[in-house]
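Listed here are the chains, written in short residue letters.
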Amino acid sequence: SQQGEEDPQALSIQEGENATMNCSYKTSINNLQWYRQNSGRGLVHLILIRSNEREKHSGRLRVTLDTSKKSSSLLITASRAADTASYFCAAGRGAGNMLTFGGGTRLMVKP
Amino acid sequence: KAGVTQTPRYLIKTRGQQVTLSCSPISGHRSVSWYQQTPGQGLQFLFEYFSETQRNKGNFPGRFSGRQFSNSRSEMNVSTLELGDSALYLCASSLENPLLNTEAFFGQGTRLTVV
Chain U
1 SQQGEEDPQA
11 LSIQEGENAT
21 MNCSYKTSIN
31 NLQWYRQNSG
41 RGLVHLILIR
51 SNEREKHSGR
61 LRVTLDTSKK
71 SSSLLITASR
81 AADTASYFCA
91 AGRGAGNMLT
101 FGGGTRLMVK
111 P
Chain B
1 KAGVTQTPRY
11 LIKTRGQQVT
21 LSCSPISGHR
31 SVSWYQQTPG
41 QGLQFLFEYF
51 SETQRNKGNF
61 PGRFSGRQFS
71 NSRSEMNVST
81 LELGDSALYL
91 CASSLENPLL
101 NTEAFFGQGT
111 RLTVV
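Going down the list, the sequences are from chains U and B.
Sequential numbering of the first sequence, starting at 1, is according to the working numbering.
Sequential numbering of the second sequence, starting at 1, is according to the working numbering.
It is worth saying that the hints were derived from the structure and are not from the lab.
Bear in mind that the values here come from a model prediction, so they are computed numbers and not experimental data.
Among the hints, a few may not be true.
[Stated by the list, open to error] To give a feel for the contact side, a few chain U residues facing chain B, derived at Cβ under 7 Å:
{"no.": "1", "residue": "Gly40"}
{"no.": "2", "residue": "His45"}
{"no.": "3", "residue": "Met98"}
All residues carry an ideal CB built from backbone N, CA and C; glycine is no exception.
With the sequences and hints as input, model every part of the structure.
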């Protein structure tokens with residue numbers, strides 16, 4: 001079973017608007033990662049935030065992590081049609097590189 | 001630098017058969033993980049290999065197995081296929097960081113259909 005829950009499950013916005021996706025997890029983590037997937041293909045790594053970090057930026061992406069609430073959010077600013085994809089959060093914990101994924105948010109950006 | 005390569009990309013098998021999927025990690029990556037993705041269960045961790053040893057294992061039956069070779073290439077095998085094994089199987093490779101997890105680089109996946 002998945003450790004994380006994401007909301008919303010689906011999000012539809014206009015180009016230029018911001019998109020916010022939320023992720024919650026159940027047990028302690030080493031880091032929280034966000035991935036993007038286009039049409040059932042491979043996942044592309046977007047950003048990794050470690051458990052001792054609270055906020056991280058990468059281009060138009062901003063990720064926050066609140067370990068007290070066991071939650072994270074991904075903000076995509078000034079969205080583009082090319083951002084249309086499914087976005088997944090993944091919790092990294094323990095030794096090794098095992099990831100526990102959330103259910104994902106399907107984002108549609110309309111031109 | 002070549003990415004993670006998975007072969008084959010598509011596969012159709014009959015119930016009861018067995019299948020072997022292959023994954024070549026990014027050069028220099030010694031950790032290889034496998035995931036199953038289905039519409040109903042989402043992305044689920046199967047197992048992780050590092051230096052030819054299974055380091056982590058998910059909650060899958062023994063019909064699912066894997067191995068890693070000395071060149072870090074990995075294979076996973078599913079025996080006695082069931083209809084529910086139809087899924088996208090994703091392989092990911094990572095650099096090894098002894099202290100913390102690192103980002104995973106995913107292949108394009110093998111789409112397995114069991115009929």
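Comparing the hints with the structure gives:
With its C-beta approaching chain B no nearer than about 6 Å, Gly40 (chain U) sits inside the 7 Å limit, and its interface hint holds. With a least beta-carbon distance of about 4 Å to chain B, the hint placing His45 (chain U) at the interface is held under the 7 Å criterion. A distance limit of 7 Å between C-beta atoms decides the matter here; for Met98 (chain U) the minimum to chain B is near 4 Å, and the interface restraint holds.
Hint compliance for this structure: every hint is met.
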